[in-house]
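Colleague: Sequence:
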Amino acid sequence: MATGFVAIDASASVRDWSPLLYWAVAQSRALRLSSLVAVVVAGEVAIEVPVEVAVEVAVEAPVDASEAIAAAYSVAAAAAFDAAQPLFCARVLVAAFSDVGAAVCEAADGTVLEDAARPRPAFLAYLNAFRTEAGLRPFAREDVAIAPPHTSALPPTASAAATPVKFIPADASTSAVPHECNTVVLGGTFDHLHHGHLILLSTAAMLAKQTLICGVYDFANSPHRLERKAHWTHMEPLSSRIAAVQTFLRLFKPALNYRVEGILDDFGPTRTEADMDAIVASAETETGCMAVNALRKENGLPLLDVYVIGVVGNPDLHSSSGVGDKISSSYLRAWISEHEPDGKPNAS
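So for the sequence shown, our numbering puts the first residue at 7; every next one is plus one.
A hint or two may mislead.
Stated by the list, open to error - In silico EDC-like cross-links for lysine to aspartate or glutamate, where the CA-CA straight-line distance does not exceed 16 Å:
1) Lys215 with Glu290
2) Lys303 with Asp281
3) Lys172 with Glu290
4) Lys215 with Glu186
5) Lys172 with Glu292
6) Lys235 with Asp224
7) Lys303 with Glu279
No lab work stands behind these hints, which were simulated from the structure alone.
Using the sequences provided together with the hints, build the complete structure.
Modeller: Dropping the structure here:
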């Protein structure tokens, strides 16, 4: 088994690079790839998808990283669902501050997959520079002819695939200007880390200047809450969920200080810690952010700016499996329940 590497260019139209990304994810099993890494060699954005499929992006022209991340996740998710492998999960790195070398050097063996219609001769040299520095065997290159994927799986433009972020100032009556985000906080269950989680984590890490605090829900004191979740017996244990979040964040932006810890309620450290600037959440948990600020006000703590991820998964992107409606832990647990029915309670 080898790791496949592809180049994508986030400074170009999504339709220019998405066929190769879609093809690589969809064909990873047939190609006997243990992982797939795609690097946009023009500047600043990256992705990873299992098998452990990693997709890295570097962008020459100025590009909104959040747009490129959302577009890549959308295309990779559609490919994974269309290939009947929904547990494939794209991980997006940003070459400007992510650990690109780690993704390249952890591969025991690798093949660079090039779209024969859009060759990038410098890409192989770019990857092999990391390999040479680490004293590892260089990669070889394979040119492939890419057939266009399912047309509905490709967003028409990068902006159409973007994940809108809504900013809600801590106190709109005094200022709508965001505070400097030295410390950012977010929380969730983070079960079977999926595309929605990773967009959320990426956004929080991009906002944070110094520290990111991530609370991972611990059901030890609330088993009734766990048992209300669909297919709860297939939820990952707390230790696995924490480790998955830590692994991604340290690869995505290693320069940050991270606290990834279990929390026993919806508030976690936001209940008592003053040194926080902003909170990041999905649209479905926006009201929870309002509750956090209400409690902080009651406790005499500074209020937090709120950043809400409006859409996780592109509404214009629907694979034959309806991936736009299936980027969720509950769907993945249902899939596991159907294909691996012998799961046991293990979330505490």
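Colleague: Hint by hint, which ones does the structure fall short of?
Modeller: Going through the list in order, the structure violates hint 1 alone and respects the others.
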